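Residues in the sequence shown are numbered consecutively from 1, following UniProt numbering.
Keep in mind the hints are simulated off the structure, nothing from the lab. For clarity, every value in this text was computed on a predicted model and none was experimentally measured. Ideal placement from N, C-alpha and C gives every residue a C-beta, glycine not left out. Treat the hints with care, as some may be off.
Stated by the list, open to error - Calculated cross-link-like contacts (lysine-lysine; reagent style PhoX-like; alpha-carbon spacing at most 25 Å):
#1 Lys187 / Lys155
#2 Lys155 / Lys210
#3 Lys231 / Lys177
#4 Lys187 / Lys231
#5 Lys210 / Lys240
#6 Lys177 / Lys155
#7 Lys240 / Lys187
#8 Lys179 / Lys155
#9 Lys210 / Lys231
#10 Lys155 / Lys116
#11 Lys187 / Lys210
#12 Lys116 / Lys187
As the list claims (entries may be wrong) - Pairwise CB distance ranges (calculated):
#13 Glu235 / Ile18: 41 to 51 Å
#14 Arg239 / Ile181: 23 to 33 Å
#15 Arg113 / Lys179: 38 to 48 Å
#16 Asn47 / Gly112: 13 to 23 Å
#17 Tyr111 / Glu226: 20 to 30 Å
#18 Glu144 / Asp217: 28 to 38 Å
#19 Pro108 / Gly223: 24 to 34 Å
#20 Ile181 / Glu226: 39 to 49 Å
#21 Val154 / Ile18: 43 to 53 Å
#22 Gly112 / Ser196: 38 to 48 Å
#23 Asn159 / Ser51: 37 to 47 Å
#24 Thr53 / Arg74: 17 to 27 Å
#25 Glu34 / Ser168: 35 to 45 Å
#26 His25 / Thr53: 20 to 30 Å
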Amino acid sequence: MPTSPARLRCLVVDDNEINRLTLEHFVEMTDALELVASLPDAVQALNLLRSGTAIDLLFLDIEMPLLSGLDLVRALPDPQPEVVLVTTHADFAVAAFELAVADYLVKPVDYGRFSKAVARVLAQRAATAAPAQPEGTSATEGSELFVKVNNKLVKLDFNDVLYIEAMSTYSVFVTPKHKHIVYITLKALEDRLPFSHFVRVHRSFIVNTKRIEAVEDNQLLLGDHEIPVGKSYQEEFFRKLRSL
């Protein structure tokens, strides 16, 4: 008999008790989820996460006193849980997109929309855990992979790729002439991309070190593109750069 997949350990954070109770109820209704804690503010949540408590999925309100949900996302310790933002206002969509959260729900949240967000997270985790090549790609020889773009496989020579940029649950492969949008997270690519010269330099970027033309003030110049090196990535990146 096949083993049932482990349930995702969830944390609910919302300063509104009614909203918090609703999310708790939705988590309890969903077989794939397990509620670990439900907290009224982001400071308590950050302390819990920093204590080492394992959380796979965070349902997070944005507008809270002391520490906002967006600030909590920026401060998340590793390993970072998947994040689903839950807010009254759609105005935060751009900020949420930039932080590459798994999904963005607008209150009042119904169970159908909640369930779709959970399904998206489960699919993303399944793609990350799958053996062989990353989801959306298959191997050819040398520097090439087939990349799934708009339901078709496109052969991409990774020697041509300048960098890869995170875009929510997608990644954008940028070459001098084209951009290919692939349904896979940057984290999954970082863990599984079979080319050692691709290096994570920022929360939102992986670069092809063979295409770096210059480094200036923690900015990488790749043709007409400038890519920042994030503060937390600088030491490891420059160590790798010296070893090339």
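Hints, verified against the model:
no., hint, result
1, Lys187 / Lys155, "holds, 22 Å"
2, Lys155 / Lys210, "holds, 20 Å"
3, Lys231 / Lys177, "violated, 29 Å"
4, Lys187 / Lys231, "holds, 18 Å"
5, Lys210 / Lys240, "holds, 12 Å"
6, Lys177 / Lys155, "holds, 15 Å"
7, Lys240 / Lys187, "holds, 18 Å"
8, Lys179 / Lys155, "holds, 13 Å"
9, Lys210 / Lys231, "holds, 21 Å"
10, Lys155 / Lys116, "violated, 31 Å"
11, Lys187 / Lys210, "holds, 21 Å"
12, Lys116 / Lys187, "holds, 21 Å"
13, Glu235 / Ile18: 41 to 51 Å, "holds, 45 Å"
14, Arg239 / Ile181: 23 to 33 Å, "holds, 31 Å"
15, Arg113 / Lys179: 38 to 48 Å, "violated, 29 Å"
16, Asn47 / Gly112: 13 to 23 Å, "violated, 33 Å"
17, Tyr111 / Glu226: 20 to 30 Å, "violated, 44 Å"
18, Glu144 / Asp217: 28 to 38 Å, "holds, 34 Å"
19, Pro108 / Gly223: 24 to 34 Å, "violated, 47 Å"
20, Ile181 / Glu226: 39 to 49 Å, "violated, 21 Å"
21, Val154 / Ile18: 43 to 53 Å, "holds, 47 Å"
22, Gly112 / Ser196: 38 to 48 Å, "holds, 44 Å"
23, Asn159 / Ser51: 37 to 47 Å, "holds, 44 Å"
24, Thr53 / Arg74: 17 to 27 Å, "holds, 19 Å"
25, Glu34 / Ser168: 35 to 45 Å, "violated, 25 Å"
26, His25 / Thr53: 20 to 30 Å, "holds, 22 Å"
Comparing the model with each earlier hint shows violations of hints 3, 10, 15, 16, 17, 19, 20 and 25; every other hint is respected.
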